[in-house]
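Trainee: Taken in sequence, the protein lines are chains R and P. For the first sequence, my numbering gives the first residue as 2, with consecutive numbering after it. For the second sequence, my numbering gives the first residue as 33, with consecutive numbering after it.
No lab work stands behind these hints, which were simulated from the structure alone. Careful, some of the hints might be misleading.
Example chain P residues on the side facing chain R (calculated, C-beta under 7 Å, incomplete) [stated by the list, open to error]:
no., residue
1, 82
2, 101
3, 102
4, 105
5, 109
6, 110
7, 120
8, 133
9, 134
10, 137
11, 138
The following residues of chain R were derived to be distant from chain P, with all beta-carbon distances above 12 Å [said to hold, decoys possible]:
no., residue
12, 50
13, 79
14, 109
15, 394
Distance windows between CB atoms, simulated [claimed, not checked]:
no., chain 1, residue 1, chain 2, residue 2, range
16, P, 47, R, 51, 54 to 64 Å
17, R, 364, P, 47, 39 to 49 Å
18, R, 340, P, 149, 47 to 57 Å
19, P, 177, R, 433, 21 to 31 Å
20, P, 157, R, 80, 26 to 36 Å
21, P, 59, R, 360, 53 to 63 Å
22, R, 80, P, 95, 50 to 60 Å
Idealized CB from N, CA, C, for every residue including glycine.
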Amino acid sequence: MTSIGAGTDRYLAEFESLERGADRAPAWLAALRREAMARFAERGFPTTRDEDWRYTNLGPLAATPFRAAGAVASLNLSSETVDRAAIGPSAWPRLVFVDGRYAPEHSSRQRLPGGACLSSLAEAMTTDPELVQRHLARHAHWDADVFAALSTAFVQDGAFLHIPAETAITAPIELLLLTTVPGALAQPRILVVAGPHSRFTVVERYVGLTDDMCFVNAVTEMVVGPGASVDHYVLQEQGASTFHMTTIHAALERDSAFSTCEATFGARLARTTLTVRFGGEGGRGSLAGLYVTSGRQHVDHHVTVDHAVPRCSSRQLYKGVLDGSARAVFNGRVIVRPDAQKTDASQTNKHLLLSDGVEVDSKPQLEIFADDVKCTHGAAEGQLAPEAIFYLRSRGLDDTAARRLLTLGFVREVVDRITVEPIRSYLDRTLEARLGTERGSKEMP
Amino acid sequence: MLSIRDLSVGVEGKTIVRHLNLEVRAGEVDAVMGPNGSGKSTLAQALAGHPAYAVTGGEVTYLGRDLLAMSPEDRARAGLFLAFQYPIEIPGVSNAAFLKAAINEQRAARGLDELDAMDVLERLEQKLQLVEMDKSFLSRPVNEGFSGGEKKRNEILQMAVLEPTLAILDETDSGLDIDALKIVAQGVNRLRRPDNAIILVTHYQRILQYVEPDHVHVLFDGRIVKSAGKELALELERRGYDWIRDEVGAVA
Numbered sequence: 002m003t004s005i006g007a008g009t010d011r012y013l014a015e016f017e018s019l020e021r022g023a024d025r026a027p028a029w030l031a032a033l034r035r036e037a038m039a040r041f042a043e044r045g046f047p048t049t050r051d052e053d054w055r056y057t058n059l060g061p062l063a064a065t066p067f068r069a070a071g072a073v074a075s076l077n078l079s080s081e082t083v084d085r086a087a088i089g090p091s092a093w094p095r096l097v098f099v100d101g102r103y104a105p106e107h108s109s110r111q112r113l114p115g116g117a118c119l120s121s122l123a124e125a126m127t128t129d130p131e132l133v134q135r136h137l138a139r140h141a142h143w144d145a146d147v148f149a150a151l152s153t154a155f156v157q158d159g160a161f162l163h164i165p166a167e168t169a170i171t172a173p174i175e176l177l178l179l180t181t182v183p184g185a186l187a188q189p190r191i192l193v194v195a196g197p198h199s200r201f202t203v204v205e206r207y208v209g210l211t212d213d214m215c216f217v218n219a220v221t222e223m224v225v226g227p228g229a230s231v232d233h234y235v236l237q238e239q240g241a242s243t244f245h246m247t248t249i250h251a252a253l254e255r256d257s258a259f260s261t262c263e264a265t266f267g268a269r270l271a272r273t274t275l276t277v278r279f280g281g282e283g284g285r286g287s288l289a290g291l292y293v294t295s296g297r298q299h300v301d302h303h304v305t306v307d308h309a310v311p312r313c314s315s316r317q318l319y320k321g322v323l324d325g326s327a328r329a330v331f332n333g334r335v336i337v338r339p340d341a342q343k344t345d346a347s348q349t350n351k352h353l354l355l356s357d358g359v360e361v362d363s364k365p366q367l368e369i370f371a372d373d374v375k376c377t378h379g380a381a382e383g384q385l386a387p388e389a390i391f392y393l394r395s396r397g398l399d400d401t402a403a404r405r406l407l408t409l410g411f412v413r414e415v416v417d418r419i420t421v422e423p424i425r426s427y428l429d430r431t432l433e434a435r436l437g438t439e440r441g442s443k444e445m446p
Numbered sequence: 033m034l035s036i037r038d039l040s041v042g043v044e045g046k047t048i049v050r051h052l053n054l055e056v057r058a059g060e061v062d063a064v065m066g067p068n069g070s071g072k073s074t075l076a077q078a079l080a081g082h083p084a085y086a087v088t089g090g091e092v093t094y095l096g097r098d099l100l101a102m103s104p105e106d107r108a109r110a111g112l113f114l115a116f117q118y119p120i121e122i123p124g125v126s127n128a129a130f131l132k133a134a135i136n137e138q139r140a141a142r143g144l145d146e147l148d149a150m151d152v153l154e155r156l157e158q159k160l161q162l163v164e165m166d167k168s169f170l171s172r173p174v175n176e177g178f179s180g181g182e183k184k185r186n187e188i189l190q191m192a193v194l195e196p197t198l199a200i201l202d203e204t205d206s207g208l209d210i211d212a213l214k215i216v217a218q219g220v221n222r223l224r225r226p227d228n229a230i231i232l233v234t235h236y237q238r239i240l241q242y243v244e245p246d247h248v249h250v251l252f253d254g255r256i257v258k259s260a261g262k263e264l265a266l267e268l269e270r271r272g273y274d275w276i277r278d279e280v281g282a283v284a
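Using the sequences and the hints given, assemble the complete structure.
Mentor: This is the structure in structure tokens:
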């Protein structure tokens with residue numbers, strides 16, 4: 002195998018040692034990996050000449066020699082540390098991954114009802130080979146997306162969740178993904194299959210326990226079956242020097258409902274490549290995100306909603322708060338294909354700029370090929386209104402408290418969408434802490 | 033309580049209030065009336081400390097302190113309250129959260145303990161009745177989507193909750209129907225006590241039928257040109273502001 006793309010040599014070497022190793026991948030998976038590796042090697046890390054990466058410089062990522070998580074020893078974590086990092090109570094089913102590797106000793110896989118399966122991906126390849134083969138790497142576009150290709154080339158373990166038809170699960174299922182070892186490359190892979198008319202909530206929680214440089218490359222594929230309803234959360238608090246790349250692909254079938262809500266607080270560079278594809282009529286998608294950044298953080302969202310069939314609706318609401326010399330990139334692409342009549346799509350992206358040193362590149366990209374559709378988009382960026390600050394000061398809040406309250410108000414619209422209690426109070430707490438402590442603004446209607 | 037001497041205020045380099053003098057004593061209601069553009073709102077905003085209103089001369093003493101040296105929040109914490117002519121909308125911040133923050137900031141400044149959410153809620157619910165507002169107002173974002181009358185009543189609610197020593201109402205009565213006007217007037221009358229004072233800035237005499245002023249001052253071209261008892265308001269209602277213009281013109 003020859004390397005063409007930049008920065009791929011050491012990954013090729015890692016790949017070759019993986020192939021030589023004792024890993025007994027089934028033939029289809031071994032072939033898939035080789036193909037994906039070839040794709041990654043051919044493309045290399047994108048540069049800012051690549052339209053999808055125009056505002057996000059991957060130079061430092063490509064230049065850093067990360068070691069695959071398998072080659073490094075992860076920290077031994079106490080159960081207290083794990084519990085503290087988790088969002089939900091221990092009553093929630095939970096799978097824990099440390100630097101991308103499944104940690105059964107910290108996981109609690111309560112018996113889920115009705116033949117539901119929550120397991121490591123490696124196990125699922127044995128217990129549910131047909132389902133895994135049918136969906137793994139069949140949705141995320143690894144042929145076009147370098148990070149999905151890199152993930153697919155090294156796919157070994159991860160989380161597998163299958164909820165069968167007509168099954169509703171009340172307690173959210175938490176996937177806790179911890180980053181602990183400096184210099185590690187962790188590639189968690191998540192596959193979620195929602196059977197027809199199933200209903201559940203899944204939470205991806207990323208926590209960095211080190212502020213040294215790490216590289217997390219996560220890929221989540223979700224198949225939302227006919228009539229199913231899935232709520233998905235991604236709550237990211239990586240360490241300050243981590244590169245956090247995440248690719249999420251949701252394939253929605255007929256009459257399904259999918260909501261995803263992302264809260265981004267950590268990482269030096271965080272990129273989310275989210276694709277929601279409607280493959281059956283009557284689907285509903287709700288996509289929301291909030292990001293609170295400071296220092297030299299860089300947060301990039303590339304969201305694609307693909308209306309491939311008629312009568313589906315999608316709602317996008319993304320809000321970012323930028324301080325210091327932070328940078329945000331938002332690219333919201335909505336494709337309405339020729340047959341997708343009666344599409345109802347909206348997109349809103351707003352940024353609050355708390356300092357003069359921040360930079361925002363927000364771009365809606367509407368590609369509409371059907372005529373009987375409703376598509377709206379709006380983007381806005383601005384600072385806190387001086388009149389509002391004065392109004393609050395005239396009631397006794399000082400300048401700092403006024404700005405904090407207004408900033409919390411700015412993100413409230415996203416937080417208000419969250420109905421799962423521990424998640425909501427987690428966000429309230431984290432926002433309070435990130436935006437400073439506010440006297441008297443907590444826990445009010 | 034409030035002593036304004038020779039006050040001049042400019043906005044964007046243009047002088048609006050010129051050498052204004054006004055005394056407000058505890059226990060009084062002072063109406064400041066004047067035609068559009070006479071400087072009523074400029075005076076009100078300058079007293080509250082709006083940074084866009086630049087004081088270019090004069091002094092203001094409030095409870096023995098140099099008011100002009102105080103930040104807007106310190107004025108509020110010292111019991112000064114401005115009911116805005118155009119209340120500001122604050123998306124994402126509920127009325128309850130806003131009022132809780134305001135109450136506790138002011139309490140902290142007076143060395144009092146912070147009130148928790150339940151205490152605040154109880155206090156707010158009592159005051160809601162005064163302005164005939166529904167409890168749902170508390171969970172709605174501050175002024176967002178409120179009608180003009182609701183915004184004005186919300187100002188009165190804030191005033192009732194914060195119990196100011198000196199309340200300045202900047203045309204709170206304008207644009208209100210008679211029912212809303214009575215509610216606002218009732219809110220003002222409830223606040224009337226021997227130890228506090230109210231400045232009613234208004235264009236019309238109408239609200240003075242429900243809130244009886246101790247003094248009426250006419251503001252004209254940035255100055256108080258005439259002060260008298262409540263009968264002056266009726267005269268202004270009957271004769272308009274033109275005769276003031278003539279009178280001032282004759283003197284000048």
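Trainee: Hint by hint, note whether the structure agrees.
Mentor: Tested hints:
1. 82: holds (6 Å)
2. 101: Since the shortest Cβ distance to chain R is 15 Å, the answer is violated.
3. 102: Hint violated; residue 102 of chain P Cβ to chain R Cβ min 11 Å, cut 7 Å.
4. 105: holds (5 Å)
5. 109: holds (5 Å)
6. 110: violated (9 Å)
7. 120: holds (4 Å)
8. 133: holds (4 Å)
9. 134: holds (4 Å)
10. 137: With Cβ-Cβ at 4 Å, under 7 Å, it holds.
11. 138: holds (4 Å)
12. 50: holds (39 Å)
13. 79: Given that every Cβ of chain P is farther than 12 Å from that of residue 79 of chain R, nearest at about 34 Å, it holds.
14. 109: holds (33 Å)
15. 394: Residue 394 of chain R is in fact no farther than 12 Å from some Cβ atom of chain P, at 4 Å.
16. P:47 x R:51: 54 to 64 Å: holds (58 Å)
17. R:364 x P:47: 39 to 49 Å: holds (47 Å)
18. R:340 x P:149: 47 to 57 Å: holds (52 Å)
19. P:177 x R:433: 21 to 31 Å: holds (26 Å)
20. P:157 x R:80: 26 to 36 Å: Taking Cβ atoms as reference, residue 157 of chain P and residue 80 of chain R lie about 44 Å apart, which means the hint is violated.
21. P:59 x R:360: 53 to 63 Å: holds (56 Å)
22. R:80 x P:95: 50 to 60 Å: The hinted range 50 to 60 Å holds for residue 80 of chain R and residue 95 of chain P, with Cβ atoms some 59 Å apart.
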